[in-house]
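Peer 1: Given chain E, put chain S in place with the hints provided.
Okay, here's what each chain looks like letter by letter:
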Amino acid sequence: MDKRDGFEDRLREARARRGLDKAQPNRGSLPGGSWGIGFRAGVEVVSALVVGIFLGWLLDRWLGTWPWLFLVFFVVGGVAGVMNVYRLFNPRRGAGG
Amino acid sequence: MAAEGKTIDALSQFELTPVLGIVGNSVGFSQSTAHMLLAVGLITALMMYGMAHRAVVPGRLQALAESAYEFVHNLVTEQVGDEGRRFFPFVFSLFMFILFGNLLGLFPYAFTFTSHIAVTFGLAAIVFVLITVVALAIHGRKFFGYFFPEGAPVWLAPIIVPVEIVSYLSRPVSLSIRLFANMVAGHVMLKVFATFVILLGGLGVVGPFVAVLPLALNIALVGFELLVAFLQAYVFAILTCIYLHDAVHLH
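As you go down the protein sequences, you meet chains E and S in turn.
Everything in the first sequence is counted per numbering that gives the first Met the number 0, starting at 0 for the first residue and increasing by one.
Everything in the second sequence is counted per numbering that gives the first Met the number 0, starting at 0 for the first residue and increasing by one.
Extracted from the complex, chain S is given alone in its bound form:
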């Protein structure tokens, strides 16, 4: 995909580079970590400043903070039930962290930390450990009955049990792959079409006119990516809630 020395370099945007000079270099403090800290700082600032006034008629920031709170609160109580309220802080932090990570990545020069499978799998692994621990704590040994549905013939056990175990273990994998793949695909597409704009723009007289096409496509893509950024955070949160529901009400 080379064009006269200029290549479409869509993947270098995911490379990690140390920041903060020699200190960051020695402790492996990459721009990904920096963006995570930035996301955490922004979320904290939103909640702290947003709720500082506690106005009856909320201002802009307070309305934003309240609607985020209520959105996740409804999600948790709807999916898990009233017992799920104690998981609200966890799901809220998870949702906001992923949402801010996805949205921050859409800014120019910013880095999308959710486009690394190490990050998304780390988050999914936390969810997986949590649902397993919760299920074990609430149901004890009955938890293992999850892998063999009642009423199934016993001679089918050697087939059903491994399948159920693999299906259960595939939860964190599918959670992490979904988020990671969506973010990577979106950012690669943005980069590829942005490179088309530059390559086509240099094609003599007609170049700038042809280059308008990928530019228009990129504008549409940015809007689409905004939707995906929100949707993927939502999907991650709702699946966490569904898994928590399964852990709380074992079937």
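Chain E on its own, in the form it takes in the complex:
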């Protein structure tokens, strides 16, 4: 089915002319008010911590170095959580994006 005389395009043009279409809030923007953002940030920190703790515990069990790697990866997980939250607000968009 073709575009029916480009009606969609003409409609979009007309809407843009009258300024009816708001500029879309761009990529990476997630919905939700302050509660949503707060909850997301919390989840990011917790999940990074969980992964860090689990990795550290696993490596310790494997290498028999309890509790040193656990402690190291606890800190690493915390830093990764902070990084996640930082990326939540400043998504890295580099070349090709």
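Don't read these hints as lab results, they were simulated from the structure.
Careful: at least some of the hints might be erroneous.
What the hints assert, rightly or not - Only some residues are given here: those of chain S computed to face chain E with a beta carbon under 10 Å:
| hint | residue |
| --- | --- |
| 1 | V18 |
| 2 | E163 |
| 3 | S166 |
| 4 | L168 |
| 5 | P171 |
| 6 | V234 |
Every residue gets a Cβ at the ideal spot worked out from N, C-alpha and C, and that includes glycine.
Peer 2: Leaving out everything else, chain S in the frame of chain E:
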């Protein structure tokens, strides 16, 4: 939280029970699996019957099917770009499955399969494997450069690399925890306030009047849960798209 033998039992709604009698019992076919099959069946029916007429002016079902299609299609092309179109079937199935799971769970006597972390983590693990495989297939060994941003001083590598790896591994965890926690919290709240209605309703003469308060709150909560059901499916889909974008255009 006991009140004269009646307790607030908010968590038993998440228990799995086998269905389909002895057959279901022996293969571990729970009501969760049944609801998943129901969701898949409903989605298939919506798409098949909705698009059966292919009318120029869509009917109700066709409008619903088309708007769902276009919604996810816009999401994918906007977030991933034109290369993302080949991931559209995946994101669409994921979005519809979670959306129908969340919405089905709001019906009385229904079960919310997205309230189990095993289910949500399973879905998130599929996403995680997919983004890793896609990134490896497109970029090969350059993928590992993802864990060390260009321009950072080399002596920082022992700190940056583990942090980046943990941050990357935390993606499926945060995806699954977000969906699971939202669904569990909503359903627990609904259950708790519904129990308040019954407990307060039995308090003699004033009981029914006081019980109106939690009932009103529950009505508001159901509306809120409807929003959350849609929003969480959307968030899951959009995060999948963002991760796919990262995998396709490696930074």
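Peer 1: Once the shortest beta carbon distance from E163(S) to chain E is found, is it less than 10 Å?
Peer 2: E163(S) check passes; min Cβ-Cβ to chain E is 8 Å, inside 10 Å.
Peer 1: Interface hint check: L168(S), Cβ to nearest Cβ on chain E, cutoff 10 Å. Holds or violated?
Peer 2: With a minimum Cβ separation of about 5 Å from chain E (threshold 10 Å), the hint on L168(S) holds.
Peer 1: Can we keep the V234(S) interface hint, with Cβ of chain E closer than 10 Å?
Peer 2: Hint on V234(S): holds, closest Cβ of chain E at ~6 Å, below 10 Å.
Peer 1: Hint check: is the beta carbon of S166(S) less than 10 Å from a beta carbon of chain E?
Peer 2: OK, holds: S166(S) within 10 Å of chain E, min 4 Å.
Peer 1: Can we keep the P171(S) interface hint, with Cβ of chain E closer than 10 Å?
Peer 2: holds, 8 Å
Peer 1: Next item in the hint list is V18(S). Is there a CB on chain E closer than 10 Å to its CB?
Peer 2: violated, 32 Å
The earlier numbered hint that this structure contradicts is number 1, and it is the only one.
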